[in-house]
Amino acid sequence: MRRIPLSALIGMAVTGAFFLAAILAPVIAPYGMAEIAGDVWEPMSSKFWLGTDAIGRDLLTRMIYGGRTTIWIATLATILAFSLGSILGFTAAVMGGWLDQILSRLNDLIMAIPSLIFALVVLTVMPVTTTTLILVMGFLDSTRVFRLSRAVAVDITVMDYVEAARLRGEGWGWIIFREILPNALSPLVAELGLRFIFAVLFISTLSFLGLGVQPPLADWGGIVKENKEGLVYGIPAALVPAVAIAALAISVNLVADWVLNRTTSLKGGRG
Amino acid sequence: MTGPLLSVQNLRIEATSYPPGEPPRNVVLVEGVSFDLQKGRVLGLIGESGAGKSTIGLSAMAYGRGGVRLTGGRIMLNGRDIRTASAAGLRTLRGHEVTYVAQSAAAAFNPAKKLMEQVVEASLSHRLMTRVEAETRAVDLFRQLGLPNPETIGSRYPHQVSGGQLQRVMTAMALCPKPDLVVFDEPTTALDVTTQIDVLAAIKRAIRETGVAALYITHDLAVVAQVADDIMVLRHGKTVEYGTTDQIINAPVQDYTRALVSVRSKDHPEKPATGTPVLTVDGVTARYPGLALDVLKNVTVSLEAGHTLAVVGESGSGKSTLARAITGLLPPLKGRMTFAGRQLSNGVAGRTKDDLRELQMIYQMADVAMNPRQTVATIIGRPLEFYFGLKGAARDKRVAELLDAIEMGKGFADRYPAELSGGQKQRVCIARALAAKPKLIICDEVTSALDPLVAEGILKLLLDLQAREGVAYLFITHDLATVRAIADSIAVMYRGQVVRYGPKTDVLEPPFDDYTDLLLSSVPEMRLGWLEETLAHRKMESAGN
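Going down the list, the protein sequences come from chains W and B. Going left to right, the first sequence walks through residues 0 to 270 as numbering that gives the first Met the number 0 numbers them. Going left to right, the second sequence walks through residues 0 to 544 as numbering that gives the first Met the number 0 numbers them.
Everything labelled a hint here was simulated from the structure, so no lab data went into it. Any given hint might turn out to be false.
SDA-like cross-link-like pairs, simulated, lysine to any residue; straight-line CA separation at most 25 Å [as the list claims (entries may be wrong)]:
{"hint": "1", "chain 1": "B", "residue 1": "K352", "chain 2": "B", "residue 2": "L328"}
{"hint": "2", "chain 1": "B", "residue 1": "K296", "chain 2": "B", "residue 2": "L507"}
{"hint": "3", "chain 1": "B", "residue 1": "K112", "chain 2": "B", "residue 2": "S85"}
{"hint": "4", "chain 1": "B", "residue 1": "K436", "chain 2": "W", "residue 2": "A237"}
{"hint": "5", "chain 1": "B", "residue 1": "K436", "chain 2": "W", "residue 2": "W173"}
{"hint": "6", "chain 1": "B", "residue 1": "K352", "chain 2": "W", "residue 2": "A245"}
{"hint": "7", "chain 1": "B", "residue 1": "K296", "chain 2": "B", "residue 2": "S319"}
{"hint": "8", "chain 1": "B", "residue 1": "K352", "chain 2": "W", "residue 2": "E162"}
{"hint": "9", "chain 1": "B", "residue 1": "K409", "chain 2": "B", "residue 2": "G349"}
{"hint": "10", "chain 1": "B", "residue 1": "K352", "chain 2": "W", "residue 2": "V242"}
{"hint": "11", "chain 1": "B", "residue 1": "K436", "chain 2": "W", "residue 2": "I22"}
{"hint": "12", "chain 1": "B", "residue 1": "K38", "chain 2": "B", "residue 2": "E96"}
{"hint": "13", "chain 1": "B", "residue 1": "K390", "chain 2": "W", "residue 2": "F117"}
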């Protein structure tokens, strides 16, 4: 095992802290999620580390609970997008022919509609629950993953070792998961880091527009929405989620970079 | 001038390698190489890949490829030390006093410019002659190099002429500014044998008529023997032997040189016919989807159990397509195939697991024939698991046996392909094919990407395995020396048809048809004067021209 570079260590520590805070929210949050603990927009103090929000709830508590919702939805949506997108993308590349055509053109069709508008339309007609949010976001993101994984896999399927596996009589499962996936991992990991952050931004945008996570549940986009008027009076509450998103984005991608370095090695990460 | 044109003394070349995840390391590529080149002479630099021959060739222009540094010794050209010359000084030198002919002409030409434009470019940018003078000289050179339509060929684009012609146009480009020295870097390696001989003859004639000195870099000793006056044999960046061509070919001193000289003289006695064919191909015609051209025309061959059928021909003759038809990757339009007494289904999908198991394939490029993410144990072990259901210790034991069979230890089991040499990779591919206990292995140019000594080892291994396991080979190659070393019967292919087919001794025995004669006579022989003799006796022009 080689030494883990400092950047990856920092990334892991920060990402870990975010996820830990999300998981342990009820234990570490100083107040209840919807508890009105103080005055409207109190400044930062030893009592309220990040101040209070538009109706006097503790901002730190809201941030912790908000992170729990945001990270949970973004993680599940990313997992869904990657499983759906990469399996369909690999299948299209390996099978080729009409199946590839149908999947690819369908994918183009969906990508042609701006995803935010698509999501808004779907969410106005469907009941907005966490499950619908995850499904809609996962589905829309999977089109990007489909494109990438199909493009990568098309290059790999023409390699002699895939031909050798076909001549051996291997099934699609082996070809996709054992021959193609390990060789397509590097671009997919790079994409994973980006996609996760895009998912965080996407759910935040939806919540800001009022079609995402519904109150009283907290989430980062919602916190911006609830406190945006405060900016006019110089209250920084709306900026706190932005800082959190930036910190998460950078730290997740520091980890992704390091994983990427290891997956590109052709000597099993030991050479 | 009395002194040598080019004098290289104690040359040392270094580079920095950047292994992923480790601190950068300094690597010595070339050490202590010295030679003198007189005006009008040709020095052949020969060695395996990685021997440093191209690096030395380029150092004659005081040039190092990406990150390569010329760190020691003297390179005297026309009495000046060019190793320490300034960039401005080098700019006047390159393309005027020294020019370069690259291996892949197709990659070296700008596809968007006409040939003439590129041929005269150096002469014009160095202000050596006017455009009219330069173009007149270029046309003269085209004629000298035997190019068709010398007056008009310059107005074509690179994709409009054949590979062999392009290589000659590049030679004209190098000779146009009247250089003192031309560096030829494997100019014929990428060409078919039948084209190579013409290009070789043209280069040789041009060198003699213009009186230019040349460094001729190649890995093929027989080729260099035709053009060089002196030969330097290199290995691992050091000089192994340096002498006149006559001495190196006829009286080599070092063991390594002796091995190089003797590689091609292997012969393999033909096995007696048994009459039980393992594979018959009957009247097979095939074309690629979307192309209205039969790449295989009515091909009929058969192969006896435990024998080797060599399929020879130049690129585009359909020999690899034949392999694709047999493996089922390109289902034929017409004709039938039987394998081990069974009718063979046209496509892969219709074949039984036994058909697939008993018909294995080994590829030309071993590096892309193995999944870079799998260890050797997985690569060899998978067929065992897939066909025989071997698991755990039983599988590991068989993998170790197979690694023994290919003369590699079981210590290699945990390695990844990137940790193997070229020859070792090809051995692992052989083991993967053997693991299936096949009756027939299709070998598609398995030795062409390897250095001669390594290739010889692979051929020896294949012959040993055939004697032990009784497996038959369908051996696709363009190299007739390989055919002599391994085949029992031969099929010569030309433009999708089998033009000559039979037991080895019959096929290689005159009288020949025109194409076989051309093919056989084009293979360079390791003796002086072969080129001239051959050119005087040919019946047919090369097909590639």
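Hint by hint, here is what the structure shows:
Restraint check for K352/B and L328/B: the C-alpha separation of about 15 Å stays at or below 25 Å, so the hint holds. This hinted pair checks out: K296/B and L507/B have alpha carbons roughly 23 Å apart, not beyond 25 Å. Restraint check for K112/B and S85/B: not satisfied, since their Cα atoms lie roughly 31 Å apart, outside the 25 Å limit. Restraint check for K436/B and A237/W: the C-alpha separation of about 70 Å exceeds 25 Å, so the hint is violated.
Restraint check for K436/B and W173/W: the C-alpha separation of about 21 Å stays at or below 25 Å, so the hint holds. The hinted pair formed by K352/B and A245/W fails the criterion: a straight-line CA distance of about 55 Å is larger than 25 Å. A distance of roughly 14 Å separates the Cα atoms of K296/B and S319/B; the hinted pair therefore holds under the 25 Å criterion. Pair hint K352/B plus E162/W holds up; C-alpha atoms about 16 Å apart against a cutoff of 25 Å.
Distance check on the hinted pair: K409/B and G349/B sit about 36 Å apart at the alpha-carbon level, beyond 25 Å; violated. For a cut-off of 25 Å, the pair hint linking K352/B to V242/W is broken: about 59 Å separates their Cα positions. Distance hint between K436/B and I22/W is unfulfilled; the C-alpha atoms sit about 55 Å from each other, more than 25 Å. A hinted pair counts as satisfied when its Cα atoms are at most 25 Å apart, and K38/B with E96/B qualifies at roughly 12 Å.
Between K390/B and F117/W the alpha-carbon distance is near 50 Å, which puts this suggested pair outside the 25 Å criterion.
Checked against the numbered hints listed earlier, the structure breaks hints 3, 4, 6, 9, 10, 11, 13; every other hint is satisfied.
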